[in-house]
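Start from the sequences, fold in the hints, and give me the full structure.
Spelled out from the first residue to the last, the chains are:
Protein chains: 2
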Amino acid sequence: MINQKILEVQLGKRSYPIIIGSSLIQDGFNLEKWITGKDCLIVTNEVIAPLYLDSLLSSIKNKGVHSIVLPDGESNKNQKVWAKILDKLVEMRASRDTTIIALGGGVIGDISGFAAASYMRGISYIQIPTTLLSQVDSSVGGKTGINHPNGKNLIGAFHQPKLVLIDTATLCTLPEREFISGLAEVIKYGAIADEKFFSWLENNVTNLLQREPTALVQAILTSCKTKAEIVGEDELEMGKRALLNFGHTFGHAIENVKGYGEIFHGEAIAIGMLLAADISAIHTDEKARLERLIRNIGLPHTANSIEIDSLLDAMLLDKKVQDKKLRFILLRSLGDAVINNNINNEDIRNVLNKRLN
Amino acid sequence: MINQKILEVQLGKRSYPIIIGSSLIQDGFNLEKWITGKDCLIVTNEVIAPLYLDSLLSSIKNKGVHSIVLPDGESNKNQKVWAKILDKLVEMRASRDTTIIALGGGVIGDISGFAAASYMRGISYIQIPTTLLSQVDSSVGGKTGINHPNGKNLIGAFHQPKLVLIDTATLCTLPEREFISGLAEVIKYGAIADEKFFSWLENNVTNLLQREPTALVQAILTSCKTKAEIVGEDELEMGKRALLNFGHTFGHAIENVKGYGEIFHGEAIAIGMLLAADISAIHTDEKARLERLIRNIGLPHTANSIEIDSLLDAMLLDKKVQDKKLRFILLRSLGDAVINNNINNEDIRNVLNKRLN
Chain A
1 MINQKILEVQ
11 LGKRSYPIII
21 GSSLIQDGFN
31 LEKWITGKDC
41 LIVTNEVIAP
51 LYLDSLLSSI
61 KNKGVHSIVL
71 PDGESNKNQK
81 VWAKILDKLV
91 EMRASRDTTI
101 IALGGGVIGD
111 ISGFAAASYM
121 RGISYIQIPT
131 TLLSQVDSSV
141 GGKTGINHPN
151 GKNLIGAFHQ
161 PKLVLIDTAT
171 LCTLPEREFI
181 SGLAEVIKYG
191 AIADEKFFSW
201 LENNVTNLLQ
211 REPTALVQAI
221 LTSCKTKAEI
231 VGEDELEMGK
241 RALLNFGHTF
251 GHAIENVKGY
261 GEIFHGEAIA
271 IGMLLAADIS
281 AIHTDEKARL
291 ERLIRNIGLP
301 HTANSIEIDS
311 LLDAMLLDKK
321 VQDKKLRFIL
331 LRSLGDAVIN
341 NNINNEDIRN
351 VLNKRLN
Chain B
1 MINQKILEVQ
11 LGKRSYPIII
21 GSSLIQDGFN
31 LEKWITGKDC
41 LIVTNEVIAP
51 LYLDSLLSSI
61 KNKGVHSIVL
71 PDGESNKNQK
81 VWAKILDKLV
91 EMRASRDTTI
101 IALGGGVIGD
111 ISGFAAASYM
121 RGISYIQIPT
131 TLLSQVDSSV
141 GGKTGINHPN
151 GKNLIGAFHQ
161 PKLVLIDTAT
171 LCTLPEREFI
181 SGLAEVIKYG
191 AIADEKFFSW
201 LENNVTNLLQ
211 REPTALVQAI
221 LTSCKTKAEI
231 VGEDELEMGK
241 RALLNFGHTF
251 GHAIENVKGY
261 GEIFHGEAIA
271 IGMLLAADIS
281 AIHTDEKARL
291 ERLIRNIGLP
301 HTANSIEIDS
311 LLDAMLLDKK
321 VQDKKLRFIL
331 LRSLGDAVIN
341 NNINNEDIRN
351 VLNKRLN
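Each protein sequence line maps, in turn, to chains A and B.
Anchor point for the first sequence: position 236 equals 236 in the numbering used here, and the numbering is continuous, going up by one each time.
Anchor point for the second sequence: position 243 equals 243 in the numbering used here, and the numbering is continuous, going up by one each time.
In short, the hints are calculated from the structure, not lab data.
Do not take every clue at face value.
A pair counts as met if it fits within one copy or between any two copies, since identical chains are not told apart.
What the hints assert, rightly or not - Simulated pairs of lysine-lysine, DSS-like, Cα-Cα distance not exceeding 30 angstroms:
# : residue 1 : residue 2
1 : Lys354    : Lys61
2 : Lys258    : Lys84
3 : Lys240    : Lys63
4 : Lys196    : Lys63
5 : Lys162    : Lys13
6 : Lys258    : Lys88
7 : Lys13     : Lys225
So, in structure tokens, the structure goes:
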């Protein structure tokens, strides 16, 4: 077993650890001591359940354990499936001290987190993210939610987990396209906050694509560190946390127009980061480095058959829109991002036309 | 116009005022300065809209104003109606700086508050409660939520409003039964925290029932003061706030078994308070005073054709159940309440049998 690494997300009373290591689930990590009440509900999906549910169940011996297996996929991150989790909690007579354990990717984490946030106005939950994307992004920081037919994550809550348990061994079973999609968010951390990490990524493309365990732990640890720092400074996204949305104003709109599931989140974010770089006053060499890394990792740098008007329309529904003004995260240089609310619509239309047509 | 009274709910960054007065809506209270963003959504129902919506609309001149009129009644405090508010927000392209204005009773306040809590993970809202029950209880303290078919308020969030605006003139149009139902919560504040107020209520039954304006402002102000103090000390109901649930463990179960709308909330709470007093080691004279006040106000002291087993079953689903142990708020004396988790089921069954059969 690779040594466990422990990071703390500093949020006062709501602080919690991120524990990262290989084979934590299979080796019987002591999850039980994190379940403070009498029982728990494991929420997972039909893909993950056959792989890890039994191991997890067998590691919880002295608590009541229930589980619910949901259908897989972003299209299930909706009100109906969220209500199913709530129904299950009611059925098992969950109380305020029941703990939800989210075992799966971002969809499972987000929807379980929102169920935990809203059942009896908030119960505890633990994140066990099993995809790279959720390990470096959605499981950390307390953003929970579901999609609205007209927009991603439009319904949700800030609700911090009690623990994030990242088992890198789960990445071995991850399909190639999904794994690569997750690397988009890893690249993001280098681009917005850490040029040294960006260089490290440039030098470790092969190791990462081969899912070499030490490289994985390093990439996840560094990503989570940056995220934990930013979240610790700005839990409710009143300021700095917005930097984490680099690539996301464009990316969410691309996902929305293409259809959830058609294009993967990380793929949309990769294109979104490049569009944001296109608007940024960043040196052309650095922009070229960003595009090269994205392409070397195997992520898309463009998308076709997208109607620019639909895209602009979808962007205006983004949560980051204030007073109908689009907010972008731009790069001053690699590792240095800023918030900008003053991009005019013509400039946006120009970069969209240039990159997507 | 009766002078405005202003109370502050002290919650650090989430502090907010309660402004109480007569005819605030009709006299054009300056609501606009409380709408910090560019637009707002007024959520109201089909009973309240014809009475006050126009006045409210005409007092907001320099902001975008949208409104949604929902069906009336507790049975509409559900996921479907909550989703309608969210759909409306999406349709109007509400952003994070949009403000929701809840104009109506507890159902409107709770469901609008939960929509505000969950749209984009939380936007601002203002409470304008128009029933006595919501003025003295649900509009203050940030509890928002909807009902689950199996239990009241099982789904929700803690989300504090920016302002609570209480216009006592709205009570003139309140149907008799609903007005009297609201007085149950007023009596509760006297019973749990303020024997002097309890005496004042005993001496002002006629004034209150005649809806005499000065008596109303006094009763609402004192009720809100007690609630604001308790909420200020314990926002998330980890301890003392539970005292506000005096009568509610029984009351919620009675509502649930009788069917929402069949029995009014305050009526169920009145019976619930008496059942809680029945278990309490309170002097028989004081118990008699409580029952007398409840009956003089016109509230029920019993309910018939309720199956005791269904009631016990419903109680176990209450949010206040910890580790399957029922939690009660009992009286040591009038004005002095305590939390008790150690009542055995036989005692509960006994008082239920005695009072309800």
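Now for the hints, and whether the structure bears them out:
1. Lys354 / Lys61: Answer is neither; intra-copy 58 angstroms and inter-copy 42 angstroms both fail.
2. Lys258 / Lys84: both (27 angstroms within a copy, 25 angstroms between copies)
3. Lys240 / Lys63: Classified as between; 28 angstroms across copies, 40 angstroms inside a copy.
4. Lys196 / Lys63: Close neither inside one copy (45 angstroms) nor across copies (47 angstroms); limit 30 angstroms.
5. Lys162 / Lys13: both (11 angstroms within a copy, 24 angstroms between copies)
6. Lys258 / Lys88: Between copies only: 24 angstroms across chains, 33 angstroms inside a chain, cut-off 30 angstroms.
7. Lys13 / Lys225: both (19 angstroms within a copy, 28 angstroms between copies)
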